[in-house]
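Q: Top to bottom, those sequences are chains A and B. So our numbering is basically just the index in the first sequence, starting at one, shifted up by 9. So our numbering is basically just the index in the second sequence, starting at one, shifted up by 1.
Rather than coming from a laboratory, the hints here were simulated on the basis of the structure. A quick note: this is a predicted structure, and the numbers were derived from the prediction, not measured. C-beta: ideal position from N, C-alpha, C; glycine also. Just so you know, not all the hints are guaranteed correct.
As the list claims (entries may be wrong) - Label-pair restraints from in silico Cβ distances:
(1) A:167 / B:119: 49 to 57 Å
(2) B:478 / A:27: 28 to 36 Å
(3) A:138 / B:477: 55 to 63 Å
(4) A:156 / B:351: 40 to 48 Å
(5) B:40 / A:27: 50 to 58 Å
(6) A:50 / B:476: 31 to 39 Å
(7) B:176 / A:186: 25 to 33 Å
(8) B:483 / A:160: 52 to 60 Å
(9) A:160 / B:299: 53 to 61 Å
(10) A:138 / B:476: 36 to 44 Å
(11) A:186 / B:616: 55 to 63 Å
Unchecked claim - According to the in silico footprint, chain A covers these stretches of chain B (three or more CB under 8 Å from chain A):
(12) 256 to 269
(13) 443 to 454
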Amino acid sequence: MKLKQLILLPALLALVSCNGLLGGLYDEPAKSPFGFVQCDDDGRGGILCIDATSYTRWTYIDLHHRHIDMANITQGQEAPIEWDFAIHHYDVKTHEGTAAETPFDNVGMAKELYGLEFVADVDSQVVIDMSTMMEGYLGYTPSKVNPVLSRWLDVDISTMPPIYTPSNKVYLLRLSDGTLVALQFTSYMDDSFVKGIVTLQYRIIND
Amino acid sequence: MKLATALLLVTLTHFSLYGQNLPSDSTQTNPRQLNMVVVTATRTPRLLMEVPVVTRVITEQDIRIANVLTLQDLLQTELPGIEFTYAMNQQVSLNMQGFGGNSVLFLVDGERMAGETLDNIDYSRLNLDAVQRVEIIKGAASSLYGSNAVGGVVNLVTRTSDRSWSLHLGSRISSLKDMHHYGSFGIKRQRWNSLTDLHYTDAAAVHLSDTGDLRTIFANSSFNANERFHVNVSDKMTITGRAGYFFRQREKSEEANDRYRDFSAGLKGDIELGQSSALMISYAFDQYDKSDYSVVSRLDVRNYSNVQHTVRTLCNHAVISPSDTTAHLGTLTFGGDFMRDYLMSYQFTDGSHTQYTADAFAQWDWLPTSRLNIVAALRYDYYSEVNMSHLSPKVNFMYKLPQVNFRAGYANGFRAPTLKEMFMNFDMANIFIIYGNPDLRPEVSDNLNASVEWSRNQYNLTCMAFRNHVKDRITTFWDQERNGMVYSNMSPVNITGLDISLSKQWDNGLGLRFSYIFTHERPEEGGMRASITRPHTATMRIDYSRDWYLGRTTLALNGRLLSAVTCDEYTSYSNLTQFEEITYPGYTLWRLTLRHSFSRGVYLTATVDNLFNYRPDYYYNNSPATIGRTVALGLSLDVDQCFSNCKEK
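Work out the full structure: start from the sequences and follow the hints.
A: What follows is the structure, encoded as structure tokens:
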């Protein structure tokens with residue numbers, strides 16, 4: 010009888026836990042909603058979540074109308090008429106605006122400081138094809154890029170996997186109409202650790 | 002009450018024991034331990050000197066003298082031809098005489114381990130503190146162990162509680178700010194015994210260089226808890242139970258940590274059937290999980306889980322001559338396994354896959370004369386997911402003369418394609434996709450070896466020549482049409498070599514051991530030299546022990562010598578005609594260990610690692626991850642021995 014019980018016990022154990030134990034130890038990642046996911050009560054700030062996983066797409070953000078548009082680079086799609094800044098993977102450009110890096114680490118505390126250097130976009134290039142990386146080169150296309158805002162994340166691809174180092178700084182973006190906006194990029198991935206999901210906080214300081 | 006007092010005393014004084022929770026160092030050990038009983042070579046207990054398959058054993062004493070924290074360091078210290086390096090994403094990768102981590106089977110008390118990363122098991126699960134000895138079979142052994150035993154088998158045999166009670170505590174710190182703490186508690190009664198181990202390791206990040214392939218070794222911490230018990234249900238039946246939990250965290254970046262967990266359990270029954278037969282039935286559960294932990298959101302998201310359930314039976318039957326009941330003709334061993342293998346991975350697009358494997362094997366260990374031993378075995382393995390099967394034969398001969406043993410053998414090894422290799426579909430950061438291949442053939446090795454062993458007056462010399470013909474090795478190749486990497490079978494490779502070991506133990510306490518391996522790996526059809534197997538490797542140890550009135554002091558110098566290796570590497574993955582020659586430099590590393598065993602069960606250890614302060618000019622992935630000379634100090638305590646010594650006084 011004892012022998013039978015000993016043989017049955019493992020069989021029972023196997024049945025109750027075929028695909029493993031203690032799944033409750035882990036969290037289920039929430040699916041990221043994209044767009045203006047949170048707005049401050051006064052309507053002057055909030056949180057944005059952008060799907061910037063694609064290398065062939067610019068995502069255009071219009072803060073005044075809380076509107077987001079996308080344009081495929083390789084298909085030759087044009088930028089919308091009204092936009093304030095745009096994100097391509099981890100690159101950032103402005104709509105004829107300028108940007109400066111501040112010492113602040115909290116959007117709520119950001120303000121314009123004496124001596125900040127606001128920098129306009131420059132002619133540069135962005136990666137649109139990573140598939141040739143193993144052949145030793147990447148596919149680029151010419152584009153305007155704001156060098157200050159694009160410093161929010163350093164991606165070192167000299168080792169695999171790449172090393173991501175966020176600056177965690179608050180940036181001031183001066184729009185073409187003079188509006189001053191504080192931006193802080195808070196994450197480059199979602200809860201499932203998918204890279205290229207960009208989350209940022211913004212706050213309109215003055216307009 | 003005495004136990005409680007002892008625990009309190011230990012806590013207050015921070016006394017500790019690093020892993021040396023073993024009997025005292027008072028016994029002089031023959032370095033080859035020829036009279037030791039080993040089990041891995043034939044799955045039956047045999048004296049090391051009488052096993053027909055060359056078996057290397059790393060003993061308790063070797064582990065103590067090596068004074069290392071990890072199995073990787075122990076194997077590299079004790080055996081030439083073994084190199085643990087870093088691979089992509091700083092994952093640990095093994096090369097054992099031309100065979101990678103997925104072609105060397107690692108066992109703990111004969112049980113397989115679930116989970117892998119870049120084709121290697123998580124070696125940090127293998128905690129040396131709980132190990133009594135390590136048995137290593139070099140060469141194929143699939144006729145007894147099935148898949149993965151292509152290039153060898155490494156079996157860790159754990160300790161059992163052998164005293165009425167025991168409490169061992171230990172700590173070790175190093176100049177790299179690494180810490181290791183360990184404790185175990187054991188009880189032995191007439192019909193049962195139990196041993197519980199707890200281990201904690203914390204290794205700080207180490208910055209090696211600003212420009213190399215290896216730059217900063219990530220910080221790691223791990224926790225390991227194990228319980229093992231044995232119950233003698235009757236004179237003829239023993240039940241063994243075990244349970245374990247393992248947790249490791251790797252601080253990959255400021256935002257994200259990699260986490261690894263393992264839950265294991267097992268129940269085994271050993272039953273004597275009459276005078277000459279024994280039956281073992283076991284069930285084993287092993288679950289290895291990987292998860293990403295976000296420091297920012299505090300979410301711990303599982304992305305990999307490998308769950309294995311294994312039921313195993315093994316029967317040994319000693320065959321006695323019908324005419325002479327004292328004449329042992331041989332041993333018949335047979336058995337089978339059934340395993341359910343579940344794998345959920347972020348590298349699958351369809352979530353998870355489950356495979357059932359079954360096998361049956363038989364071995365005849367024949368003693369036709371007192372000098373001759375012949376062992377023949379055959380095993381059949383079946384894999385459900387791709388309806389694949391494989392037959393693995395082996396035959397070994399041993400002829401004994403006074404002081405000399407001759408051994409020769411043939412063994413077949415195979416490695417079934419893993420679920421990952423068959424069904425992977427993984428987008429590598431938008432760079433390319435790695436595709437699995439359900440049409441993969443199993444990797445197969447034919448191993449031939451011949452050796453001679455000479456032992457006399459505490460001298461031991463072993464010379465072994467080996468040849469492995471490896472067909473259908475599984476690797477990834479670039480597929481231009483699919484613009485990605487695809488798992489495929491390689492053309493055949495030949496690995497030949499020579500393995501020489503010499504040891505001598507003098508009566509005055511001096512010991513010497515030297516081992517050298519020459520390995521030559523060559524593709525049968527010629528072409529580029531892809532192998533990074535170093536052709537010449539050697540290990541050596543000189544140790545000296547002396548008893549004096551304060552106890553026993555042991556001084557040991559361990560050396561590891563590796564030659565340079567030149568190979569060809571592709572300059573473009575998509576154009577397989579372009580490659581360049583690259584030479585990885587050779588190096589030597591030396592470790593000096595001073596250990597003192599006080600008579601009251603207190604052990605002090607000081608170690609100088611990388612004694613001659615070697616630093617690579619450039620840190621390749623296969624360079625030693627050293628920043629130069631480091632120092633480690635260990636303090637350990639056998640609480641029960643302290644009490645017994647006090648009582649004696």
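Q: Each hint needs a verdict: does it hold in this structure or not?
A: Taking the hints in turn, this is what the structure says about them:
1. A:167 / B:119: 49 to 57 Å: violated, 19 Å
2. B:478 / A:27: 28 to 36 Å: holds, 35 Å
3. A:138 / B:477: 55 to 63 Å: Between residue 138 (chain A) and residue 477 (chain B), where Cβ atoms are some 21 Å apart, the hint is violated.
4. A:156 / B:351: 40 to 48 Å: Taking Cβ atoms as reference, residue 156 (chain A) and residue 351 (chain B) lie about 43 Å apart, which means the hint holds.
5. B:40 / A:27: 50 to 58 Å: About 30 Å separates the Cβ atoms of residue 40 (chain B) and residue 27 (chain A), which means 50 to 58 Å is violated.
6. A:50 / B:476: 31 to 39 Å: Since residue 50 (chain A) and residue 476 (chain B) have Cβ atoms about 58 Å apart, the given range 31 to 39 Å is violated.
7. B:176 / A:186: 25 to 33 Å: violated, 60 Å
8. B:483 / A:160: 52 to 60 Å: At 37 Å between Cβs, range violated.
9. A:160 / B:299: 53 to 61 Å: violated, 27 Å
10. A:138 / B:476: 36 to 44 Å: violated, 26 Å
11. A:186 / B:616: 55 to 63 Å: holds, 58 Å
12. 256 to 269: With 6 residues close enough to chain A, the hint holds.
13. 443 to 454: Result for this restraint: violated, n = 0.
Checked against the numbered hints above, the structure breaks hints 1, 3, 5, 6, 7, 8, 9, 10, 13 and satisfies the rest.
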